[in-house]
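A.B. asks: Line by line, the protein sequences give chains R and L. Residue numbers are given in this note's numbering: position 122 of the first sequence equals residue 122, and the series is strictly consecutive. Residue numbers are given in this note's numbering: position 160 of the second sequence equals residue 160, and the series is strictly consecutive.
Where hints are given, some of them may not hold.
What the hints assert, rightly or not - Below, computed lysine to any residue pairings styled on SDA-like, alpha-carbon distance capped at 25 angstroms:
no., chain 1, residue 1, chain 2, residue 2
1, R, 102, L, 218
2, R, 7, R, 50
3, L, 167, R, 66
4, R, 110, R, 85
5, L, 167, R, 9
6, R, 54, R, 102
FYI, nobody ran anything at the bench for these hints, they're computed from the structure. If you're wondering where the values come from, they're calculated on a predicted model, not measured in any experiment.
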Amino acid sequence: MDVDIKKVNEIISRYDQSEESLLAILQDFQREFHYVPEEGMKRLSDVLYVPESKIYAMGTFYKTLSLEPRGKHTVKVCMGTACHLKGAGQILEAIERELGVKRNHTTVDKRYTIESVNCVGACAMAPVVVVNENYYGHMRPSKIMDVLNKYK
Amino acid sequence: MEKVTIIIDGREVEGIKDQSVLDVARENGIPIPALCYHPEVSTSGGSCRVCLVEAHQNERMRLVTSCNYPVRAGLEIRTDTDLVRRIRKGVLELLLARVPDSEVIRDMARDYGVGEPRFFKDEGEDNRYKCIACGLCTLVCEEVVGVCAISMLNRSREKAPGTPYHKASNACIGCGACVYVCPTSAISMKDEGDTRTIWGKQFTMIRCSVCGNPYIPDAQVDWIVKTTGKDKAFFEKCPDHR
């Protein structure tokens with residue numbers, strides 16, 4: 001995936017040119033490109049005078065930052081205790097089967113990234129699937145594709 | 001510099017206020033084991049937990065890491081009590097579980113009577129199999145060398161030093177300071193003829209004009225010339241023939 005260097009510069013220009021802006025800029029990269037591109041980190045290092053290794057280390061530290069291209073939509077399947085007991089495993093398997101992708105990976109068409117996560121704090125709705133910022137409770141393997149198909 | 005007197009293992013010794021307990025102990029020939037601390041790296045220490053000692057002050061006792069615990073008047077340190085030995089044994093058992101291949105850790109653990117670790121054995125890869133993730137290599141690279149080519153990447157069990165994107169780093173000058181300070185010899189560096197390979201990058205070595213031995217990477221010479229203004233001709237001879 002080619003990264004628009006103009007967009008990179010535009011994101012960097014939104015913030016103070018200081019080391020403190022680092023994480024905020026990386027988060028904006030993540031939002032814009034759905035991952036943190038190498039080109040972005042290189043540019044950031046040049047502009048903020050922060051060693052590249054420190055920026056990369058930050059990228060590897062935070063779970064919300066991905067260093068590999070990700071799908072347009074993030075599908076989180078809750079594997080917390082309540083969801084687990086209510087059959088979250090079967091939901092995850094159903095997604096893997098239907099989309100032909102393993103957990104913590106991205107579909108070939110870059111539409112979905114599938115993640116298994118720990119408790120999302122909505123146990124009363126178990127089992128829960130979170131697509132982007134939207135929560136879907138009382139999920140069933142038979143219903144999951146109807147939900148995912150809403151996200152093009 | 002304010003001098004203070006403290007007691008280590010019943011002996012009165014003198015140190016400078018805020019100097020580390022470990023430094024004072026070593027200056028006085030009192031051995032305390034430590035892995036992640038290096039006196040030339042001001043930010044080092046506090047990570048391997050091997051140098052734990054009892055600190056008695058104001059009628060209270062705490063276990064502290066001697067490498068970064070400041071010396072103050074009235075402090076009494078005990079380095080070899082049953083408690084210290086027991087806790088240190090536990091620390092070594094955990095370290096051994098992480099790096100079962102490290103000779104240094106194996107030897108230390110044996111000295112403290114650690115058998116087969118009870119914990120999950122870490123099946124590491126690459127340099128991680130001997131790395132205790134203390135970060136001393138990255139601190140040297142940043143603070144002493146000043147290039148900051150490597151940083152600690154990832155976290156928890158995957159935490160390990162590395163270059164950005166796991167590719168050859170533009171910043172690395174091949175000096176090998178990271179290899180030198182690593183307490184568990186976890187970083188690989190190969191010198192073959194005129195070539196040094198470290199962190200996935202190859203460097204051309206400069207040969208001494210007297211003995212003909214390759215002794216310093218050209219990138220390191222360039223870095224020293226650039227940062228100190230020293231004459232490049234100085235590096236034509238190795239330290240033995242200057």
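A.B. asks: Decide if the proposed pair is consistent with the structure: residue 167(L) and residue 66(R), CA atoms, cutoff 25 angstroms inclusive.
C.D. replies: holds (17 angstroms)
A.B. asks: Can the restraint linking residue 7(R) and residue 50(R) be considered satisfied, given a maximum Cα separation of 25 angstroms?
C.D. replies: holds (20 angstroms)
A.B. asks: Going straight from one Cα to the other, do residue 167(L) and residue 9(R) come out at no more than 25 angstroms?
C.D. replies: holds (24 angstroms)
A.B. asks: Decide if the proposed pair is consistent with the structure: residue 54(R) and residue 102(R), CA atoms, cutoff 25 angstroms inclusive.
C.D. replies: violated (31 angstroms)
A.B. asks: Verify the proposed pairing of residue 102(R) with residue 218(L), using a straight-line Cα cut of 25 angstroms.
C.D. replies: Violated, because 46 angstroms separates the two Cα atoms, which is more than 25 angstroms.
A.B. asks: Compare the distance between the alpha carbons of residue 110(R) and residue 85(R) with 25 angstroms, and conclude whether the hinted pair is satisfied.
C.D. replies: Roughly 31 angstroms separates the two Cα atoms, so the pair is violated.
Going through the hint list in order, the structure does not satisfy hints 1, 4 and 6.
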